[in-house]
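Protein chains: 4
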Amino acid sequence: MKAAFLTSVMRFEIRDIPLPDCPEDGIILKVKACGVCGSDLRRWREGPMLSSIPPIPGHEIAGEVIAIGKNITDYTIGERLAVAPDIHCGNCYYCEQGLYNLCDNLRLIGITPGYDGGFTEYMVLTGEILRNGIVHRVPPGLSDLQAALAEPASSVLAAHERVGTSLGDTVLVMGAGPIGCLHVIVAKARGARVLLSEPHAGRRQRGEVFGPDGIIDPSQQDVVAQVREMTDGRGVDIVICANPIAETQTQAVEVVRKRGRVVLFGGLPKDHPMTVLNANLIHYGEIQVVGSFSYHPIFHQRALDLIKQGVIPSDKLITHTFSLDQINEAFQTAAGGDALKVIITFETGAAS
Amino acid sequence: MKAAFLTSVMRFEIRDIPLPDCPEDGIILKVKACGVCGSDLRRWREGPMLSSIPPIPGHEIAGEVIAIGKNITDYTIGERLAVAPDIHCGNCYYCEQGLYNLCDNLRLIGITPGYDGGFTEYMVLTGEILRNGIVHRVPPGLSDLQAALAEPASSVLAAHERVGTSLGDTVLVMGAGPIGCLHVIVAKARGARVLLSEPHAGRRQRGEVFGPDGIIDPSQQDVVAQVREMTDGRGVDIVICANPIAETQTQAVEVVRKRGRVVLFGGLPKDHPMTVLNANLIHYGEIQVVGSFSYHPIFHQRALDLIKQGVIPSDKLITHTFSLDQINEAFQTAAGGDALKVIITFETGAAS
Amino acid sequence: MKAAFLTSVMRFEIRDIPLPDCPEDGIILKVKACGVCGSDLRRWREGPMLSSIPPIPGHEIAGEVIAIGKNITDYTIGERLAVAPDIHCGNCYYCEQGLYNLCDNLRLIGITPGYDGGFTEYMVLTGEILRNGIVHRVPPGLSDLQAALAEPASSVLAAHERVGTSLGDTVLVMGAGPIGCLHVIVAKARGARVLLSEPHAGRRQRGEVFGPDGIIDPSQQDVVAQVREMTDGRGVDIVICANPIAETQTQAVEVVRKRGRVVLFGGLPKDHPMTVLNANLIHYGEIQVVGSFSYHPIFHQRALDLIKQGVIPSDKLITHTFSLDQINEAFQTAAGGDALKVIITFETGAAS
Amino acid sequence: MKAAFLTSVMRFEIRDIPLPDCPEDGIILKVKACGVCGSDLRRWREGPMLSSIPPIPGHEIAGEVIAIGKNITDYTIGERLAVAPDIHCGNCYYCEQGLYNLCDNLRLIGITPGYDGGFTEYMVLTGEILRNGIVHRVPPGLSDLQAALAEPASSVLAAHERVGTSLGDTVLVMGAGPIGCLHVIVAKARGARVLLSEPHAGRRQRGEVFGPDGIIDPSQQDVVAQVREMTDGRGVDIVICANPIAETQTQAVEVVRKRGRVVLFGGLPKDHPMTVLNANLIHYGEIQVVGSFSYHPIFHQRALDLIKQGVIPSDKLITHTFSLDQINEAFQTAAGGDALKVIITFETGAAS
Ligand SMILES: NC(=O)c1ccc[n+]([C@@H]2O[C@H](COP(=O)([O-])OP(=O)(O)OC[C@H]3O[C@@H](n4cnc5c(N)ncnc54)[C@H](OP(=O)(O)O)[C@@H]3O)[C@@H](O)[C@H]2O)c1
Ligand SMILES: NC(=O)c1ccc[n+]([C@@H]2O[C@H](COP(=O)([O-])OP(=O)(O)OC[C@H]3O[C@@H](n4cnc5c(N)ncnc54)[C@H](OP(=O)(O)O)[C@@H]3O)[C@@H](O)[C@H]2O)c1
Ligand SMILES: NC(=O)c1ccc[n+]([C@@H]2O[C@H](COP(=O)([O-])OP(=O)(O)OC[C@H]3O[C@@H](n4cnc5c(N)ncnc54)[C@H](OP(=O)(O)O)[C@@H]3O)[C@@H](O)[C@H]2O)c1
Ligand SMILES: NC(=O)c1ccc[n+]([C@@H]2O[C@H](COP(=O)([O-])OP(=O)(O)OC[C@H]3O[C@@H](n4cnc5c(N)ncnc54)[C@H](OP(=O)(O)O)[C@@H]3O)[C@@H](O)[C@H]2O)c1
Ligand SMILES: [Zn+2]
Ligand SMILES: [Zn+2]
Ligand SMILES: [Zn+2]
Ligand SMILES: [Zn+2]
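Residue numbers (the working numbering), protein chains in the order written: chain X, 105 to 456; chain F, 105 to 456; chain Y, 105 to 456; chain R, 105 to 456.
Worth flagging that the hints you see were computed from the coordinates, not collected in a lab.
Any given hint could be a false lead.
One copy or two, it doesn't matter: identical chains are merged, so the pair holds either way.
Claimed, not checked - With a cut-off of at most 25 Å between alpha-carbon atoms, the simulated DSS-like pairs for lysine-lysine come out as follows: (1) 420 / 292; (2) 292 / 412; (3) 412 / 106; (4) 174 / 412; (5) 420 / 174; (6) 134 / 412; (7) 420 / 106; (8) 292 / 174; (9) 134 / 106; (10) 134 / 174; (11) 374 / 292; (12) 292 / 106; (13) 374 / 134; (14) 106 / 374; (15) 420 / 374; (16) 412 / 374.
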């Protein structure tokens, strides 16, 4: 079977490797679709870690069960599954509280060394993944592409649940990447009015499709002034920083109203994690700054449901698909900034 | 009558001025006790604003009604009142929502120019104060000193209500000033385990009286390491930054557990309002950083009730009292760092 | 000027009375539109209280300022206002907490004796109403009919805020009167899937316009069985009892899922206020049964905004309008059960 | 080994049965203490179900590991464990949400047929129990009696977390059984003022030990009138119905203030589950009636911690202990109404 290994900086190599054996408590998934995520791009730009086997990334996965281990009773051959990356330990303080995304021993498929991902024709879902990972059946009527999209949508759903975005709120989304666009969609579905800020012209155009009530170009416009003007001087109720730029976090505190909420949805570069915020705006304005990372498994199920209901319009979010052989082109396209969601799809030919 | 004017840096002058007239819709209060607050100390250190009439500070006020305007029906002569500084406008977006402490037009007795405070024998409570300020009757059995203490206690009560401090939480309070000590008291009354960190030895000793479950000296000990040790490595559930030092805010994010809450309770110096926080701890740990400033009037009533019930032990918090004539000494004592709450009291002689 | 007096059971009389004088701290409103509410119908069926002056009902009011008292500075002649019934006291325990709708001394325009309502050409908005009532400016672009609709919409908005209706929830609305239809609209705007149950065929048809995801006829179908079938056997997340029938409350507890929420939105007849609920479903299923009555003034402002934004489609809700002279016909129509919102409108002729 | 079988109405029989084998994925627990719960008493009064093997009840369990299966790595011989009854399935809608106590397939040790309980010298903790049950290590310093007490305390902790009992609240607890007394303790630990109502004189006396701020005898006093008097006419913020009497639920709605919360903590008899509540008080007063049943496993851990900290004073709650041989006497004592918590203890002799 073929799999894509990240062998050097910005370089995947397709290799032919033996089909894996099915473990007794696991299953073999024929991958049908696997999305390219921003964190995949980051790793692709940095290259694989030295002195390690080149990894197989990919964690926005949809596929079909083609083999089941002898101890497996919950799954049957032919079932279609959507798989998300998180595997929790089940034993730590956070797992006991059901805060699985904060697990002290969290491992991520397609990211954590030793947990190869979905840019491959076939992959093993181990017993550990089936027990403590995030695996849901694809509802009938949902395509493989749609099922793969559930993963990034899940984190966005979780963030809005956390801050309670609701009818009557005005939300500023900073960043119109695939994630920012999902924030526009979800905030609107919850009844909010949405402003979108994005420096890249192509992305602003893409973002417009999702119906934001106002668009800002932070490369040309004064974001703070613009937002004030669009909100009778008051500021927005909620800001979502859907990008990895510390400066947007600083701005967020300046454009949110008193008692407003700022969501740090994107991480900053590992070696520059510090952000500079106006503590007095937070203090005197009783602002809330809150982090949001990954999600409880129930949001993955909910994402599948909402894509099926058409609340999340997959066709407008998925702008490009490529075959596994074209994965380098796929990543280039995703990195180019003109695409939104880029997904690797697989022919439905026989196992090789 | 005598009143204390802040005439220059670290200098009050007692002047004899005419007794004010009672407005038709206001009352005259004979001040009985007025606390010295940290913000009073700050202004005392900075001195009065240039080119303005020297102000009369003081906003932790208890007194007795000695005259009422002809339109006043709610108050009677002889009643004892506790007065807090906030006056809201009643018309802005925040007032409409009942978020009076966030009023766009907030004025503060004893702080905002034109709103003289309680370091005086008699003061006018104008119609505006009676309508939109914070004035509550002193419950029977409460002394004037206790009634004055309700003001600082109110802000502490509001902060814990906001973050929901509760049974089973571990709370770190950074700073053992009068406010930090109130945080220890209130967090414990809500069922929390409390750690207290304070560099000043005298204050640590004072703080010990309120029964914290652990004490840290940040000038000698590594706060982060200490807190981890005291919490099985996990970090605390809630941190209260009860001081004006940005560094403690940075530390707070490092010692709080995932999904924990950090309260920015103290403002930073006006000209250095920026704070530096680890955005990735917030993002990946889904930490909440939240400001808390002043309070809804109901907390002032609740503070009076809790002082009366003995939940807030006023006798241990009020370490010094001075007469109005001794106000310079009072401020020196408060600034010295060995006192907790310092209160100016007034003889109950006849109006002069 | 003309006004409609409820003189006997199901009988209004139009009388010509003198134009009221404008109080110094009040204004005179020329009424432009005044909706017929379910509680108006109830009183109309019961007739006026004996031994009292026949009242002028009507509390869903929109109009124009035509005179202002000499102490009025906030309003100007020609301004258009929307007026809701609640007048709170400002002094009781609930008012202090900002829970104005729960005021111990609540009075209602058009309902409480002495507080005549909007079925009249001109009405006085007293100082008390301007200070402690619910009066908002009509946003430009909103018609009088739309402005009058804000009142019933407000209570519906408040109820969903209280139970946090959100994306992913399934809501059952019991009753497709004007209020039930508003619940369908608001629940959907917040992202919920909505089921609507209503025995009256004409109303079911009217309700269908608002896009419920399922419709039930409780006169023919087993509601509990139907809802279970429509929710994979689980029950709904939220039930809104938008009718005055105790039996629907009993059913609500049976069709809501564990940890679900039941909103008692309609009151029961005054002399039969008891409801019979399965306490064990509540206990073992940790169900929440919660009352919702009237609203905080901010929801009236929000309703105006949402009608303006088209989120609340006024044209589909307002099915009939009548002139003041036709008020008896208007009430008959409203009572007939084929209409949704019925509104009395006024020509814009000169004051008579 | 000896075990207590419920063989007929109000009759246990001690039988000698073979020591169970240790399953590969389970452990053998030597029971050290097992509390008598109200539901045990109910079953004892009703007798065992016909045509079934007489059960071994008991679900408030503390013991010591004396054997481990060959697949067990998490537990070691000699460890002390506290065991609570709930076993969730891990697969249903509620389990996915972490609402384990609402599991659609919940089984209860010592209650569900096939799941024998703790009134026995040795019991098997199966793999299912270890994976999906509630088993926590006993913190050092806690006695076996104290560890057994964690179970009933857990449900009480969960209830107050659910309604957010806090500083400033007044709580009415109806019933001064062991559970009602725990509610007094926990409400007070969270900062509330507590009123206790209980018809049985002996129980009122026992309850007094836990420091309620007011005591009511509902057999002699008008509860509604009394509570109004003790709350300035307003009613309490929270009512806990800690008994199985429908009438107290009806009263609860009458004595709670507007926006107050009523917790249905006790179930009603299976064949009389209907409760009669004043729907108009709920509707117009926006009261919340909420069920509370069992708890998330984290509350069991928290209960152990709080007993250890002395917040829950075990010595005052545990009024009687009996040996397994005296189990009939133990139940008679528990049923008598003069005891609070009655616990069966076991000598620490060798396995027989
Ligand atoms: N919380 C979670 O669980 C979670 C899950 C998935 C992703 N994320 C994070 O979410 C973020 C967005 O993901 P993505 O895939 O959409 O990334 P992306 O494609 O890189 O999108 C980020 C967008 O932000 C724009 N941007 C740059 N500077 C900006 C500014 N000052 N104001 C507004 N927008 C600005 C970028 O424009 P240019 O292209 O011109 O730079 C880009 O279009 C990433 O940081 C990612 O790590 C978080
Ligand atoms: N949110 C509100 O509504 C509200 C209301 C009132 C007050 N406040 C604020 O609350 C804060 C505390 O008030 P206060 O009257 O108690 O002030 P304070 O007397 O100045 O107390 C602050 C304490 O913090 C200590 N401290 C300094 N560096 C520290 C560190 N690194 N770690 C821990 N503690 C440290 C100080 O010690 P040294 O004496 O050695 O410097 C001092 O004892 C102030 O910032 C005030 O503005 C807020
Ligand atoms: N909470 C608040 O602040 C607030 C504000 C306004 C109104 N309300 C209340 O909201 C309720 C609805 O108001 P509305 O103006 O829409 O009243 P409405 O026109 O009387 O509508 C109630 C509807 O419920 C239907 N119904 C009767 N039995 C039913 C059943 N078993 N299942 C489902 N539906 C049933 C009625 O059908 P038929 O016509 O065939 O009887 C009617 O169409 C009233 O009780 C009102 O008092 C509350
Ligand atoms: N939610 C949960 O997870 C959970 C967990 C454990 C227990 N429970 C329930 O909690 C309830 C209390 O448990 P328990 O073990 O303490 O039971 P208990 O010993 O039977 O105590 C109930 C007490 O309520 C008293 N009572 C009777 N009528 C009353 C009235 N009108 N007003 C006030 N008190 C009245 C009883 O007095 P007399 O003795 O004179 O009748 C008795 O002392 C039970 O219903 C139990 O099922 C629930
Ligand atoms: Zn974990
Ligand atoms: Zn204001
Ligand atoms: Zn009131
Ligand atoms: Zn389950």
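Cross-check of the supplied hints:
| no. | hint | in the structure |
| --- | --- | --- |
| 1 | 420 / 292 | both (15 Å within a copy, 22 Å between copies) |
| 2 | 292 / 412 | both (17 Å within a copy, 17 Å between copies) |
| 3 | 412 / 106 | neither (30 Å within a copy, 57 Å between copies) |
| 4 | 174 / 412 | neither (32 Å within a copy, 46 Å between copies) |
| 5 | 420 / 174 | neither (41 Å within a copy, 54 Å between copies) |
| 6 | 134 / 412 | within (22 Å within a copy, 51 Å between copies) |
| 7 | 420 / 106 | neither (29 Å within a copy, 58 Å between copies) |
| 8 | 292 / 174 | neither (46 Å within a copy, 46 Å between copies) |
| 9 | 134 / 106 | within (11 Å within a copy, 55 Å between copies) |
| 10 | 134 / 174 | within (18 Å within a copy, 35 Å between copies) |
| 11 | 374 / 292 | neither (32 Å within a copy, 37 Å between copies) |
| 12 | 292 / 106 | neither (41 Å within a copy, 46 Å between copies) |
| 13 | 374 / 134 | neither (34 Å within a copy, 51 Å between copies) |
| 14 | 106 / 374 | neither (32 Å within a copy, 61 Å between copies) |
| 15 | 420 / 374 | neither (32 Å within a copy, 47 Å between copies) |
| 16 | 412 / 374 | neither (36 Å within a copy, 41 Å between copies) |
The structure fails hints 3, 4, 5, 7, 8, 11, 12, 13, 14, 15 and 16 (numbered hints given earlier, in ascending order).
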